[in-house]
Amino acid sequence: MTKIHVRDFDFFYGASKVLHGISMDMPDKQVTALIGPSGCGKSTFLRSINRMNDIIPDARHDGLIEIDGKNVYGGGTDAVELRRRVGMVFQKSNPFPKSIFDNVAYGLKIGGMRNRRQLNEIVEKSLTRAALWDEVKDRLQTSAFALSGGQQQRLCIARALAVDPEILLMDEPASALDPIATAKIEELIYELKDNFTIVIVTHNMQQAARVSDRTAFFMLGKLVEYSETKTIFMNPKQKMTEDYVTGRFG
Amino acid sequence: MTMHRHFDDDIEAIKDMLLRMGALIEDAISQSIRALLDRDTKMAEEVIARDDEIDQMELAIDKRTIELIAKMQPAASDLRFVATIMKITPELERIADLAQDVCERVIELNREPQFKPVTQLPQLAENAQKMVREALDAFVRGDAMLARQVIRHDDVVDQLTEDSFRALLTYMMENPRNISPAIRLTFIGKYFERMADNATNICEMVVYLVEGKMIKHTAPDSP
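Here the protein sequences line up with chains A and B, keeping their order. Take 1 as the starting number for the first sequence in the working numbering and just add one per residue. Take 1 as the starting number for the second sequence in the working numbering and just add one per residue.
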């Protein structure tokens, strides 16, 4: 079933058009990887899904992005509510200068939740889902900055999960992490897809191959090929995709 | 713009090793045929002696290919190339073993008086040899059309195997003294027929390499 439906989506920064007629359907509870060289538009596209580009001056779009059949940019869509439903994890982990507990509870408190018992439950559930609970359960009140890079990134994932999103957008979530922390994030992505729809931007092609069900290859703002991940990595249809995944690209 | 990759040098090196192995195997087949037709025991012994060299090449290719997977994590056509190499190298090694088997039977046959000529047998051997040669050509050139032609040709070889078996069976029924050489020749027919099967397997992998399609265990022209 399609979760995110995109048709003829263009995106502009001022006069410069950075996305050209993107059309793709991302299925529910699967991992879709966006790959392509730097500047190909994959991150811009990712950020279009939860309207993170809204705050950029002079940015505008054309075309359609729907989640569950509802236009993301339509008049009836509240951007704040949209971003609760569509969580985001960034390349560089960005915990707030607060305790571990308060980082995870932050979105809930903003949303007006005050019930301590309920907060405790959701914080524990979110940290467990982010595969971090066992490592932090005895020090929830210590600063988030005391955690390692990999733990901080999982904390950010827990923070995103706490507000019960349906979609997680990940922009190179492991590119600043060592191989062990990377492997943990990848395992986490694999487990999370039972409950969430995940879209991940990655420069690491092996990572795309390992974690995703479908892969989209972007080049110069265009969607060159979008297919099952195994097809992209075993038998891509486009020569440009072939050249990129085999590292022939200059 | 296409960039040069040192991966391409590795691929070329492996291809080169495989081709040298292929050349040795083609020699082994043609020498085994000549040993059979000329009753040349010495030549048969040479083929047997050279088999070790082919076995060593198989090991060297395996080693190099596994290293390539470990270091480069190949994708797309690179991945299919590596998979193809790993599947066709044992087929080639098996063909060399079969040429050796032919030579062992030739040596045994040469200890007995010359047997009646079985016309289908040289024809069978030459057809099998042609299939192996063309399978290697198809691999080198990445020619899926030639590969498919070779696969279709396997039916001709199967028919020749059947024909030579019938002829040999007739000889055996004529005179029990014919049984020993005729059985050895039946074996030889079977060895060449197996070589053709191995060539078919190689060609199936060539189609996979070029088109990404696994045609094994399907009809040759099915999509």
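For the record, the hints were derived by calculation from the structure and aren't laboratory data. Given the structure is predicted, the values throughout are model-derived calculations rather than measurements. For glycine and all other residues, C-beta sits at the position ideal for the given N, C-alpha and C. One thing to keep in mind: the hints can contain errors.
[To be verified] The calculated DSSO-like cross-link candidates involving lysine-lysine, where the alpha carbons are at most 30 Å apart (straight line), are: (1) A/230 <-> B/216; (2) A/92 <-> A/237; (3) A/239 <-> B/213.
[Stated by the list, open to error] According to the in silico footprint, chain B covers these stretches of chain A (three or more CB under 8 Å from chain B): (4) 55 to 68; (5) 86 to 100.
[Claimed, not checked] Covered, in the sense of this in silico footprint (three residues per stretch, anywhere, with C-beta under 8 Å from a C-beta of chain A), are these stretches of chain B: (6) 46 to 59; (7) 167 to 178.
Quick rundown of the hints versus the structure:
no.: 1; hint: A/230 <-> B/216; verdict: holds (20 Å)
no.: 2; hint: A/92 <-> A/237; verdict: violated (34 Å)
no.: 3; hint: A/239 <-> B/213; verdict: holds (17 Å)
no.: 4; hint: 55 to 68; verdict: violated (count 0)
no.: 5; hint: 86 to 100; verdict: violated (count 0)
no.: 6; hint: 46 to 59; verdict: violated (count 0)
no.: 7; hint: 167 to 178; verdict: violated (count 0)
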